[in-house]
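> Let the hints inform the model, and build the full structure from the sequences given.
Number of protein chains: 2
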Amino acid sequence: MASGLATAHHNACSSAGDGHLSLRRMRIDTYHENVAYMHRDCEVYRTEGFKALSKVEVRTNGRSIMATLNVVDNGEFLTCNELGLSNAAFEQLGVPAGQLVTISQADPPQSIQALHRKLAGERLEMRDFQGIISDIAAHRYSKIEMTAFVVATHRDELDREEVYYLTQAMIEAGRRLDWKEHVVVDKHCIGGIPGNRTSMLVVPIVAAYGMVFPKTSSRAITSPSGTADTMEVLAKVELSFEQMTRIVREHHGCLTWGGTAQLSPADDVLISVERPLSLDSPAQMVASILSKKVSAGSTHLVLDIPIGPTAKVRSMPEAQRLRRLFEYVAGRLKLSLDIVITDGRQPIGNGIGPLLEARDVMRVLENDPTAPMDLRQKSLRLAGRLIEFSPDVRGGDGYAIARDILDSGRALAKMKDIIRAQGAHPFDPNQLSLGALTIDVIADRAGVVCGIDNLQLAHIARFAGAPKVPSAGVNLFKKLGDEVQAGDVLYRVHANYPSDLQFARQACDKANGYTLGQASDVPHAFVEF
Amino acid sequence: MASGLATAHHNACSSAGDGHLSLRRMRIDTYHENVAYMHRDCEVYRTEGFKALSKVEVRTNGRSIMATLNVVDNGEFLTCNELGLSNAAFEQLGVPAGQLVTISQADPPQSIQALHRKLAGERLEMRDFQGIISDIAAHRYSKIEMTAFVVATHRDELDREEVYYLTQAMIEAGRRLDWKEHVVVDKHCIGGIPGNRTSMLVVPIVAAYGMVFPKTSSRAITSPSGTADTMEVLAKVELSFEQMTRIVREHHGCLTWGGTAQLSPADDVLISVERPLSLDSPAQMVASILSKKVSAGSTHLVLDIPIGPTAKVRSMPEAQRLRRLFEYVAGRLKLSLDIVITDGRQPIGNGIGPLLEARDVMRVLENDPTAPMDLRQKSLRLAGRLIEFSPDVRGGDGYAIARDILDSGRALAKMKDIIRAQGAHPFDPNQLSLGALTIDVIADRAGVVCGIDNLQLAHIARFAGAPKVPSAGVNLFKKLGDEVQAGDVLYRVHANYPSDLQFARQACDKANGYTLGQASDVPHAFVEF
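Sequences listed follow chains A and B, in order.
If you read the first sequence in the numbering used here, its first letter stands for residue 1, the second for the next number, and so on.
If you read the second sequence in the numbering used here, its first letter stands for residue 1001, the second for the next number, and so on.
No wet-lab data here; the hints were simulated from the structure.
Keep in mind that this is a model prediction, so the values were computed, not measured.
This list has only true hints and no planted wrong ones.
Label pairs and their in silico Cβ distance ranges: (1) A:D73 with B:K1510: 34 to 44 Å; (2) A:A97 with B:G1259: 33 to 43 Å; (3) B:G1121 with A:G395: 33 to 43 Å; (4) B:Q1110 with A:Q518: 28 to 38 Å; (5) A:E91 with B:F1526: 51 to 61 Å; (6) B:D1073 with A:E181: 36 to 46 Å.
Here are the simulated lysine-lysine pairs, DSS-like style, with alpha carbons at most 30 Å apart: (7) B:K1510 with A:K118; (8) A:K468 with A:K510; (9) B:K1118 with A:K510; (10) B:K1510 with B:K1478; (11) A:K118 with B:K1118; (12) B:K1468 with B:K1236; (13) A:K479 with A:K468; (14) B:K1180 with B:K1334; (15) B:K1334 with B:K1118.
Think of the CB as a built atom: it goes at the ideal place given N, C-alpha and C, for glycine as much as any other residue.
Structure representation (structure tokens):
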């Protein structure tokens, strides 16, 4: 059969020649990278002198995309009159299979000259960043070119005005929401602390107070759960922009996934090279976070920078440098910004993983006596700072207002409204179906918990299956300063699959993430809260 | 039919489960990048939590390779019991199709920690470079990671001792030839000058003098012809190492392609990211060139650094900085190095493109009165410097010895021996079948040629089809300092295909690469030759 097919294709080939190829969806998932597939015997391939990994431009009816070329020697995949596209590329081109397309060597994106100037150590202007970022947002950069940009701008390569240019260019490259409100609030944490689901408490508190709070969150990238993953335990989070707008109009707040909004699209593209390199420089962090917030229409932002020995930011001088950069760029963007530097010495809350974190959140909202106090306190303080953005609230009064809203049950009622509006999922915090395979990690001696490694606990929860398996994760029984006896359970790992459990066990055996010592060994946190 | 196939594959799926997959050659050419293809319904895919673009390790019988994962939704390409590999990956794994393989998430290469330290601006040690380079040579780095390494080490990021570490690590990552001779000579040009086929004259002259000169060359990457492309007009250049050794033993010299020798393999991998970025920093140039030469067993090297307004190196201070870096690293490697800074203001010889360059070379060897004098002079001077590596030759006497060898016909006889030994191709310099489609580029006024743009002439020759079409290229009729009248032909472009001719014409129309002015406008070259 194979050879029969090959012959048929060969006959088909000889009749081609006008340079047009028939579009084919290859149904190959290459993630964010556009790949075009062409048969080696394709006449266009031979005459145009393409090579594998050439960058090509695919055009039809005034639409065009850039892609990397892969060359196919197999007539069963593709005839020589066809041009195949990977999933992402096919969707971007946005025309039906079978349509005729043309293909040509892609000119290098115009902004490559500016990239070369940055590689040579020069300072770039606003228009340079606009060119680079609009080319990146339009998928005109290869992974190699994007990596070069990210590395060439990562450490102290950008001055603070260049960081502003980069941020502004990222905003301009996407759509920008306008809520037609004077004050649209948001909060954001720079990340790195497991648990820490404050947004799911701050949104209902502040929305119950009456401020407009259209919160969109990301899913986990390298962490055991993102706010969108945990919220998804309780409600649908993938909503259309129109659905989200309607919910915010009615309830003042929402807790949805922000992935589809085309806000700062260059950021989503760049992350495909930043993530594998674990690059997260101050300049890129500032540009990424502030471009997303301004694009989403926020006017007032509280930003949480946790510091601790295993947090992203490890010293106060580092936190202060980062704060000044955020404040400078926010000022240029006319975004009101209040930065709080918080205690990042350990996870916030008891649970790590979607289901466990959702339980922590609901227990705080329900004023359950078993609710984690650290999560409650931090959320109240963050909510208080947001409430103080109101012109009629005195500095210092926000916390008490937030506490009244939480203690009175109004925050819980607001959360239930939001869950219902987004589409509730069944959930009972007292009847949790956690992963049935468990490991109890035990104290090997008596002492005081004087260190919990955020990174290691996050790794263990991910090995256990979080966030892909929502019922997997880590349940902490002891926190910093707690006294333990030999044999006490420090934490329990939950998994659903034996292989996940085994990976998690290997990670625990290597380093369980807890340090036991004396009360005086607990590191101090010189922060506001 | 398609749905029948899909069903069959679906049935096949349910019987899997031991984690083994059957290897399939996808026959997709992804150039240097290893790609593995897996069906989305594959049980291993689902249980292991892979994602598109995950780095995976494919193992069988103690062999293993790293690859980037693409996810296939199309049962016609791949069943869910199969693992597909791109051409390069399949060859690297080196086992037959159908063999059972296992696949797992790839651990990050061990040396990634060192990469992160360099990204953070730290100085690396020898062992760090050894780790990085051996991982790169083993294809354990993704394109993103390699780009990060190349950009993080490109400008002044490496001090000269680090450049030595990098070079030494690149040597250790491959095989190293040992010719069992006290003196093994080589020459190299850093490139950028069209024509300039001095190696094809220097090798027969110096080999005729009796020195061991196992010259391997590259094919063109971005230029209109490499020495291997031009030599291939005259003889076979893709020889096994054993064939090459035999020829060098018998004739003292050879002129072969160096691509298959596994000398400094990391260099071949890194070029796949350096080339698309046009990155060619001093550190990378020194490490690349010297690692190849030392791996090839050279003990004595003459290195040609041309300078000129459109050469790679554009000023004498820049050339001197580069010279000092080459000399420092060569010293650490115990390689005897003689650097000559030469006239790079214009192409060397009259022809650009394989056939035209081969004619220039043969005319010089045949002492033909129409031979290009600049090519003859430069080759004699380079050969003279190599001959002066002999302990019994006085400094300054090399040129005259080289000239005697050329004028007496001994160089031509040696070249004929080498051509015959490698496998002669039919060639008559006076009966050239040049590309029949031509463009004559004409002087639009009288004047003196005071500028020839190396880069533009190279582009035009490539657009015309060189080196893929050996008979394509550019034939220069006028060189720097020549007087021309309006209507004189400056150069002739040769192409074989109408589309190539059209691209070349567009390039000529945009900029023909020649500047006409007065005799006093010709730039001076303050170089040895």
